[in-house]
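K.L.:
Listed here are the chains, written in short residue letters.
There are 4 protein chains.
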Amino acid sequence: MTSTESPVRIAVSDAPGQPERTADLDALYRRFEDELLVPLWTEIGDLMPAHPTPAARAHLWRWDTLLPLAGRAGELVPVGRGGERRAIALANPGLGGAPYATPTLWAAIQYLCPREDAPVHRHTQHAFRFVVAGEGVWTVVDGDPVAMRRGDFLLTPGWRFHGHHNVSDAPMAWLDGLDIPFAHQTGSGFFELGPDTVTERATPARSRAERLWAHPGLRPVSSAGERTGSSPIAAYRWEHTDQALTDQLALEDEGHPGVVEPGHAAVRFTNPTTGGDVLPTIRAEFHRLRPGAATATRREVGSSVFQVFTGEASVRVGDAAWTATRGDLFAVPSWQPLTISTRSGADLFRFSDTPIFERLGQDRVQTEGAAR
Amino acid sequence: MTSTESPVRIAVSDAPGQPERTADLDALYRRFEDELLVPLWTEIGDLMPAHPTPAARAHLWRWDTLLPLAGRAGELVPVGRGGERRAIALANPGLGGAPYATPTLWAAIQYLCPREDAPVHRHTQHAFRFVVAGEGVWTVVDGDPVAMRRGDFLLTPGWRFHGHHNVSDAPMAWLDGLDIPFAHQTGSGFFELGPDTVTERATPARSRAERLWAHPGLRPVSSAGERTGSSPIAAYRWEHTDQALTDQLALEDEGHPGVVEPGHAAVRFTNPTTGGDVLPTIRAEFHRLRPGAATATRREVGSSVFQVFTGEASVRVGDAAWTATRGDLFAVPSWQPLTISTRSGADLFRFSDTPIFERLGQDRVQTEGAAR
Amino acid sequence: MTSTESPVRIAVSDAPGQPERTADLDALYRRFEDELLVPLWTEIGDLMPAHPTPAARAHLWRWDTLLPLAGRAGELVPVGRGGERRAIALANPGLGGAPYATPTLWAAIQYLCPREDAPVHRHTQHAFRFVVAGEGVWTVVDGDPVAMRRGDFLLTPGWRFHGHHNVSDAPMAWLDGLDIPFAHQTGSGFFELGPDTVTERATPARSRAERLWAHPGLRPVSSAGERTGSSPIAAYRWEHTDQALTDQLALEDEGHPGVVEPGHAAVRFTNPTTGGDVLPTIRAEFHRLRPGAATATRREVGSSVFQVFTGEASVRVGDAAWTATRGDLFAVPSWQPLTISTRSGADLFRFSDTPIFERLGQDRVQTEGAAR
Amino acid sequence: MTSTESPVRIAVSDAPGQPERTADLDALYRRFEDELLVPLWTEIGDLMPAHPTPAARAHLWRWDTLLPLAGRAGELVPVGRGGERRAIALANPGLGGAPYATPTLWAAIQYLCPREDAPVHRHTQHAFRFVVAGEGVWTVVDGDPVAMRRGDFLLTPGWRFHGHHNVSDAPMAWLDGLDIPFAHQTGSGFFELGPDTVTERATPARSRAERLWAHPGLRPVSSAGERTGSSPIAAYRWEHTDQALTDQLALEDEGHPGVVEPGHAAVRFTNPTTGGDVLPTIRAEFHRLRPGAATATRREVGSSVFQVFTGEASVRVGDAAWTATRGDLFAVPSWQPLTISTRSGADLFRFSDTPIFERLGQDRVQTEGAAR
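Order-wise, the sequence lines are chains G, C, V and Y.
Going by the UniProt record's numbering, the residue at position 239 of the first sequence is 239; the numbering climbs one at a time, nothing skipped.
Going by the UniProt record's numbering, the residue at position 367 of the second sequence is 367; the numbering climbs one at a time, nothing skipped.
Going by the UniProt record's numbering, the residue at position 173 of the third sequence is 173; the numbering climbs one at a time, nothing skipped.
Going by the UniProt record's numbering, the residue at position 274 of the fourth sequence is 274; the numbering climbs one at a time, nothing skipped.
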């Protein structure tokens, strides 16, 4: 490789600890570039900052913008083999135009027209759906039809064949979350096509997975010893999420523990075979703030995406601030301080890449300046 | 210690591999006894058999016998400090009169008269209650009142203060299960008294523990990182257990997996923070057999106790066989082959010491002669 | 079962909380006995004491007594099929003459005459050997010959075929430790015969297991993902144990941490695939006290057995106290306070059943009155 | 954000499943770009390929090139506060000039002149050193001086203060490996300065960490319950690595298992508190091939870097092939097939990011076409 071909360009600066600039040094740097070498001393400030300084930026996408654009795509872009899904991804403005909400997370609005099918495939990337509004679509996961309804959180763990079909006369849109950026950056994803259409067309109210697994504290003896990497619960229904949040706030009213902090109830979606996160790479939670409540300011290693489900939330992420309402999505980069408050109350869905850092012992959280 | 005081008596036999009996050998054996020594060669047949040959025996206790005797105790024996509980334990006939249903498990009928209190205490021994019939008692666990109703499975993990009180005008009886024999034999139990009466007298339909934890696949974010040794769910309600069993049999009807074997649905009560057993030493399950169904013959390391909840079951344990009906309890010793069948259908609650053996890697199961 | 056959005898006492003694009560108790029932209220004081009050007693067995008796057995008792081993077990005086050093642990002196074989068998009970003196025997574990030498700690994990043979012209004696009592009481042991003689007669200085596994912090890539229940290291050699203890005391001299407490170095034998105990049910350690050192007084849940390797130790266990020297063995029951001190220095081997309690979350330790 | 500022540019192609190109579609795509949105259907081929198609490329860096350039840097670039280290990183030609050997791994040659110090700092990024030649430097980790010598593998787990000093009259160079790229991409690294010079200047042959922890199968009782995220062994010495490899090949000669495959011995450096990898994000191994041996062709999820320690290796990675000798380093991207063979024998050090994928359940290996 000659110097003109090398991608390496050594940046000379006045940063502390830099050697005196001389012709000899320049010649050495040219040699480094030729040989695909980069000094630590010119890069350390960017590479190893005192705390994370992510390229990703805090950003808000409005549902009122997203939904009509998705609807327009519904008119212009067919769903089928090759394109696979009518999904439109959030592209974080700090990540060079890549379809990444954060360095690790994919977030997209997916849109299915009436009576439309999305073809069957599988991939090692882990996926979930969250439904901010609507119903009428069934996602079929390894042959098990799973109804998608408002407020539901639905799982498609890695390497399960899945397709969707809309049995209703109305279009339906929802949020897709995956670890596509993480898999892509680390070179760890596999993909395989299945049938072009969904063959299992039953539309039960509850999936088979729920009938086996969505009973509180119970598991089938037939698979009682297993610890699966991802949750076997295909759908976490809104009625249960809502009840759990309602219970937490009622306990707070009665003077008992349970809420995260005053006026702030929250549940985590979990894998009943382990008690841990639903997917190996993705954490999912639902948060409810009472009218007038505010969260502590909190920062943590890893990035997350929120979607407002109901109400109105005042959000501050580092220097950015917005008022977010139903369907709005925002990205929170690693170690950016986040505060959410609300005048009239708000429900928010959240997902993050925290399990990656917890499993690697790299998680860190700081609340109101007090690290723990 | 002189020979006359020594508890050691060496048994001479014709078992294979025994040395020739001589005066010298007898003299040596006397010396062994004096010095508190026992040869392996005289004992190995009993100590290390080819497979477990437990002293405990298969045995059935009839609810129709137990309940009147407990009622009679209600008339003659007050509940109070010192005696602590009006609990009457099953004593396995092979265990020398000790109040042990099996070498590791305690099973007792507990009885509380109308308006009666059982005083508060705590112990490291783990406890549960199972309610075959009745209602009206609240067990208060670390200040959290837990209603006890027919079909419910209730937990009192080790070292939690707990007392009971009957708020109704009828007596109530239920099954208590604990690991008292295991703790006693291994010298690992601690006990502490609390108040003489139950001070928290609210009678809510759901405990605070349930309101925080008994939502399928959800956990409070406020304690989301914890893995607790015992389940935080204070009560597993009959409506959920019944629904899960009903779902399994419906799935079987539809041709899908889920049941243990044809006509046999079963759920395990689990700790939602780990996906494992509810208590470190005790497994608890609920089994439902359709009319006409029969289990495979199965033996496993460790012992268990069953209680029939509804219906009629034909039970065979080794050479013993009974027909058991509502409330009847039977003990299954380690490695004894067990078969249950039913003409008209049966629901059975089961608990066992299997977690001990699984955690130590000593578990073994054999079904229909095929070890796995 | 009639009353005369029942093993149950209800003990009436003046303990607190007992009901008034009446003819009716006596009649009820007779009925209980007939029906194999035992009240909690008459038993709770013994069954559930404030802290463990084990039946096992602190006791010392002198090596100077044991070794000649084992030698006499060498003259009178052949080793062979049926008797299997010339092993003579310590029988705790509190355990009714059973060959149990403690309720869970077996400890025996095993003795092999010159040129003698002990036949091959296997059992699920876990075993180790510790060599207080001598050499010349190889134990062959699943075909791998393992030299036994002074100071070595050797493993025979459960269900591995093993036999021993003495290739020297001198007899050899050593300590065997197993979990036979635990397996027997809980009905969890299996046993199987192998060949009558040891067929693999090579006498290498290092076993194959050591050549693969006994390198500090290294493991073979060929089995690098495995976590085995027991350690794959067949022999922990004295030279390594001695070096580790010497290093700890030298670090103490230099002012650095490492020792357990002043003047007290100790290492635990571990499973390199997990970092945990060598066997699922048995912990093994080696302790070295400098001249003049004394341990804190410590009690813990679970029982242990010590053997003095060198030097002289003043031992106090509850109310018992001895001076123990080379080869002497003593049993420490659960929760009995233990203090060891030494004028001239002492090395002690120790094994215990602690892993059972740690895995079940029932472990508890109290040092100098301060529980942790 | 206006369209001219948006980093998003939607690429239109003829890939399968693309919508017909129309003015309306173009208008929609412009709107997507304005709103920071990217369709899945235009990107899926690159984002979610059938198997990993990493941007990183297989590449070889020659030690004979690296060492003189590092030496030249020794003349021109002082080591000190700000630049922190005279480390020169390998920049993978597929990664745009970033100082990343692979998407997750940093590999650099570090060079210290005679009597020179590298200042003290700490960072959450995990580090190791491997010494292909030379000696005379001590790395001081949290106050513990660790000698660096030929063949040694040395650890600096995350968040430990560390500096280096060269006590000899010769320069010394070595390989540094870290997870800097992973931490940078995911925004998870923290960094803190310590003293400008190394204050602990003792030069012991063994570190305190080794004296406590580098005894086969033994751990200090004083910290016996701990499971640490990284290995406490500061240095894995060449004499042990060499012995373990020698033993494996001797076992192969004797017909016993142990080697990875014929003629190929390998050990993994492990954390003795867990049996797992030395660092949460980095696996390290040492491989030895006999003269004439060849590895199977193997591909796996995740990337690795090899350094030849002795001998000569013919390496094939996908379409690339080199003959590598002492000190040469090569990068193996994810899922690229790797084969190594040698005429005269070769020793190779290897490190990889496999623990990341194993902990997330994303690991996959394929050998000779047979996935397992």
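Calculated directly from the structure, the hints in this document are not laboratory data.
Treat the hints with caution; some may be incorrect.
[What the hints assert, rightly or not] Computed far set for chain Y versus chain V, every beta-carbon distance over 12 Å:
#, residue
1, Leu25
2, Asp169
3, Leu251
4, Val259
5, Thr270
6, Thr310
[Said to hold, decoys possible] Label-pair distances were calculated between CB atoms; the ranges are:
#, chain 1, residue 1, chain 2, residue 2, range
7, C, Ala205, V, Asp24, 36 to 42 Å
8, Y, Ala296, V, Glu254, 25 to 31 Å
9, Y, Ala296, V, Pro262, 53 to 59 Å
10, Y, Pro78, G, Pro257, 52 to 58 Å
Model, not experiment: these values are computed from the prediction.
Quick reminder that beta carbons are idealized off the backbone N, C-alpha and C, glycines included.
K.L.:
Give a verdict on every hint.
P.N.:
Hint check results:
Once the 12 Å rule is applied to beta carbons, Leu25 of chain Y is consistent with being away from chain V; the minimum gap is 50 Å. Remark: the non-interface label on Asp169 of chain Y is consistent with the geometry, its nearest Cβ contact in chain V lying 28 Å away (cut-off 12 Å). In this structure Leu251 of chain Y is not separated from chain V by more than 12 Å, as the shortest Cβ-Cβ distance comes to only about 6 Å. Here Val259 of chain Y does not stay apart from chain V, with its beta-carbon only about 6 Å from theirs, under the 12 Å limit.
The claim that Thr270 of chain Y is not at the interface with chain V is violated, since a C-beta of that chain comes within 12 Å of its own (minimum 5 Å). No Cβ of chain V approaches the Cβ of Thr310 of chain Y within 12 Å, the least distance being about 18 Å, so the stated non-interface status holds. The beta-carbon spacing between Ala205 of chain C and Asp24 of chain V, approximately 39 Å, falls within the hinted interval of 36 to 42 Å. For the pair Ala296 of chain Y and Glu254 of chain V, the beta carbons lie near 49 Å from each other, so the given range of 25 to 31 Å is not met.
Taking 53 to 59 Å as the suggested C-beta distance range, the pair Ala296 of chain Y and Pro262 of chain V conforms, at roughly 55 Å. Between Pro78 of chain Y and Pro257 of chain G the C-beta distance comes to about 57 Å, which sits within the given range of 52 to 58 Å.
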